[in-house]
Amino acid sequence: MGLNYNKFEKTCKILEENEFDKSKLISILQGVQEEYKYLPEDILAFIASSLNMPLSKVYGVVTFFSFFTLQPKGKYIIKICDGTACHVKKSTGLIDAIKKKLGLKDDEILTKNMLFSIETVACLGACGLAPVIVVDGVVYGQATPNAVVRLIDNVLKEEKEK
Amino acid sequence: MEKYLTINSKKVSFNNEKSLLEVIRNENIELHTFCYHSELSVYGSCRLCLVEVEDRGIISACSVPPEPEMNIKTNTERIIKIRKIIIELLLANHNRECTICAKSESCKLQTLARRLGIKKIRFKNVLQKSSEDASTYALVREPSKCVLCGDCVRFCDEIQGIGALGFANRGPKSLVCVSFNRELNDSECVYCGQCARVCPTGAIMPKYEVNYVWKVLSDSKKKVIVAIAPAVRAAIGELFGLRKYNGDELAGKIVTSLKTLGFAKVFDISFAADMTIVEETNEFLKRIEVNDNIPMFTSCCPAWVRFVEQYYPDFISHLSTCRSPQGMYGSIVRRIMPRVFDIPDRDLVVVSVMPCTAKKYEARRHELAKNGINDIDCVLTTQELAMMIEEAGICFEKLESCAFDMPLGFKTGGGVIFGNSGGVTEAILRNIMNTKFKNLNEVEQFSFVRGERGLRKFKISIGDKELKIAIVYGLNNARKILKSIKAGSKYDFVEVMACPGGCVGGAGQPICTDLIVRKKRTETLYENDKVMNLHKSSDNPYVQKLYKNYIGKPGNLKAHEYLHTNYSYKKRFKEILKISDSLQDDNIKIDVCFGNNCISRESREILSHIVNFVENGKYKDRVNITSHICLERCFNGPNIKVNGKIIERCSLKMVEDAIRDEFDRLKDEC
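Protein chains in written order, with the working numbering: chain B, 282 to 443; chain D, 677 to 1346.
Be a bit skeptical, because a hint or two may be false.
As the list claims (entries may be wrong) - Straight-line C-alpha distance at most 30 Å; calculated BS3-like pairs for lysine-lysine:
id, chain 1, residue 1, chain 2, residue 2
1, B, K303, D, K1159
2, D, K1250, B, K354
3, D, K1247, B, K338
4, B, K338, D, K694
5, D, K1159, B, K305
6, B, K294, D, K1162
7, B, K393, D, K1265
8, D, K1254, B, K443
9, D, K694, B, K303
10, D, K1254, B, K354
11, B, K294, D, K1247
12, D, K1247, B, K318
13, D, K1294, B, K288
14, D, K1296, B, K291
15, D, K1329, B, K294
16, B, K288, D, K1321
17, B, K338, D, K1254
18, D, K849, B, K318
19, D, K1254, B, K294
20, D, K1254, B, K318
21, D, K694, D, K1156
22, D, K849, B, K338
Worth flagging that the hints you see were computed from the coordinates, not collected in a lab. Since this is a predicted model, take the numbers as computed values, not measurements.
Let's have the full structure, built from the sequences with the hints guiding it.
This is how it looks when you write it as structure tokens:
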């Protein structure tokens, strides 16, 4: 069956496992975000209604924790470290190169084909490898603009073969 | 045993006070606060009520219970310094256009800055401009004036049980907003405006419509008529230093000032309230007789009506269909006044002065319009009336009284007490009695329904019938009653007003957070009732005349046309959950309700069955499946909708049949 239904069904299951208990909101949201990769507004409304609590409160919790996101994420998530060490090693150059490669303007973080999304993070704790990027959980150290463009090309090639 | 502690070197006794703050305030020391509110839970965010306690350091008085032997100092150098810094920091992040802020002079931040002697703000102004939200008819939000005390958030959630407003983000990005930072009109707000009443600054205010009224008043072609609600006379004196005047005297002064402002006729909403009582009594007795839609709910509070429409669609039929007094006033004057003035309908402008912000919304309800023109053109609050009086330079306190215009200016005591919680019930009970009242004691035989508690229940014997009545204010209390009714409790009549104390505590009234002031207003209306010649609404000779000349009998067809209305479900969430991956325009549309009641009745199983049935059968890719919160038939769930047709108490087999039938029907049509 379709993707939407599976995700929705999973949401229902998560709610049921948490006994529709509003004090378990955070663990419900975590589960749902895992499923959708972000927290869609309509699903949050559904969660608020099912838990019998105001939507504004759910929204408050979602925006309080930086772990939760209301923005859709791409299939591949590129994290670029902009901590002090990486910043000194010109991580901004990496960000520019990646954005240019992916055709992202200004504040855009998601490509139109929903394939890539980018995030800048404060520090990944791998300062010795600066500048660092993480693509889909794999860490790449001492990255250069050319290297990241190649990385993205590789991912695109794999995608095409699929 | 008496317990003692020390405040500023003075020995002080205390008993059951919940917090140090209460003990200190009992000693006539007004510890300043933003977030402490006697009606709300303790929040402790504003940090203004800090005191120094020996051996414990600096603590917030609102959130610490008093203990014997505590040695408290409220004004040490350190505390004074901290308090000042707090106010300075708030001001550094505040839209300080005080001279053009409507809250000026009643703003707590402004007052505190003055009282704490803030002459200089040592911090750079970091205010981020944000736009105001004027999306509703009732309220305007200006986030740039918010001090994040959370009074509005807690009132909406704790007292009204709605939670339209909430906190979002954290740290310096914190803000009070509607979910997803949308406009207020896109939220669950019922426009009671209590958030504006408790807001210490101008961050939430009633929406002012004074300019419109000035404009029509200066248009020589227009005849502008106005009526004032009962609660207005109980409160306006507070703004002009006339607290000791009684309701009748203040009403007289209001009439004089409205005439001076140029209104062609000044009427009394209490007259329309008398009509409401007559209609509503009749409706109630009829419903009791045939046991139809009992309990009957009152319908004069627009916030409560919207609340039912939004959260309890199954109870809509229990609402009295009678229009509120404002609604009746509107439709009656639209019918008779153009003829009185001999002017075309469009030149009549109908204004009302209300203690309420939700009335502004009610006036725009399409049910209260005829041929696309709303009966009421504009609703002013008590605050706005005072603003107009001040703007015109009228010395309100020196005015002589003037009588209301007839016929819609004559009222009985029943129409006056309408503004109090319990007033509608008492007036209806008086009306149900067939006897004539001989003295005030007999009039006040039902005064036991009065009271300050937000949820009151009574049993009353009338004739051979025993009536069970509940009187409620605060929508969270209303939720409790509705819950108990759902669970099987029996009531015959339920009166609900959204605001604490009823209309006298409305959000359009002069700013008051003091319970004593509100009690005084309540008292004013009951005193006003005592001096009336008549106390029973159906005794109002002008109401009788109006029925004779225009309507006929209560509850007849004419009455339904002019004095009754209808209600409809208002969606709480606009969100529709897509279940099929792609939705095609020409597909059959199936909607599965995922409201709470339906979830508990296995809507999940039904959805899974529909998905299986469609995907694994011949209807694959020919059906759009969505789910809704909710399809508004909560008593009869689980519900699904197939191409617009609702199927209640749906079983797995009914689902299959419905889909098959719909395809067969379409095939036949082809």
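| Given pair status - B:K291, D:K1296, alpha carbons within 30 Å | holds, 22 Å
| message | Check whether the Cα positions of D:K1254 and B:K354 lie no farther apart than 30 Å. | response | Within the cut-off at roughly 19 Å; holds.
| Between B:K288 and D:K1321, is the straight-line Cα distance small enough, at 30 Å or below? | Distance ~27 Å between B:K288 and D:K1321 Cα, so the pair holds.
| query | Taken at face value, is the distance from the CA of B:K294 to the CA of D:K1254 at most 30 Å? | reply | Satisfied, since the Cα-Cα distance of roughly 17 Å is no more than 30 Å.
| request: Measure nothing beyond the straight line between the CA atoms of B:K303 and D:K1159; if it is 30 Å or shorter, mark the hint as holding. | output: Answer holds: B:K303 to D:K1159 is near 19 Å, not above 30 Å.
| said: Against the 30 Å threshold, does the CA-CA distance of D:K1247 and B:K338 hold or violate the hint? | reply: holds, 19 Å
| Taking only the CA atoms, is the gap from D:K694 to B:K303 under or equal to 30 Å? | holds, 28 Å
| query | Can the restraint linking D:K1294 and B:K288 be considered satisfied, given a maximum Cα separation of 30 Å? | reply | holds, 24 Å
| message | Between the alpha carbons of D:K1159 and B:K305, is the straight-line distance 30 Å or under? | response | Cα-Cα ~24 Å, so holds.
| said: Hinted pair, alpha-carbon criterion (30 Å max): D:K694, D:K1156. Please report holds or violated. | reply: Satisfied, since the Cα-Cα distance of roughly 25 Å is no more than 30 Å.
| message | Would the hint linking D:K1254 and B:K318 be met if the CA-CA limit is 30 Å? | response | Holds, at roughly 17 Å.
| Satisfaction of hint between B:K318 and D:K849, Cα-Cα up to 30 Å | holds, 24 Å
In summary, the structure agrees with every hint in the numbered list given earlier.
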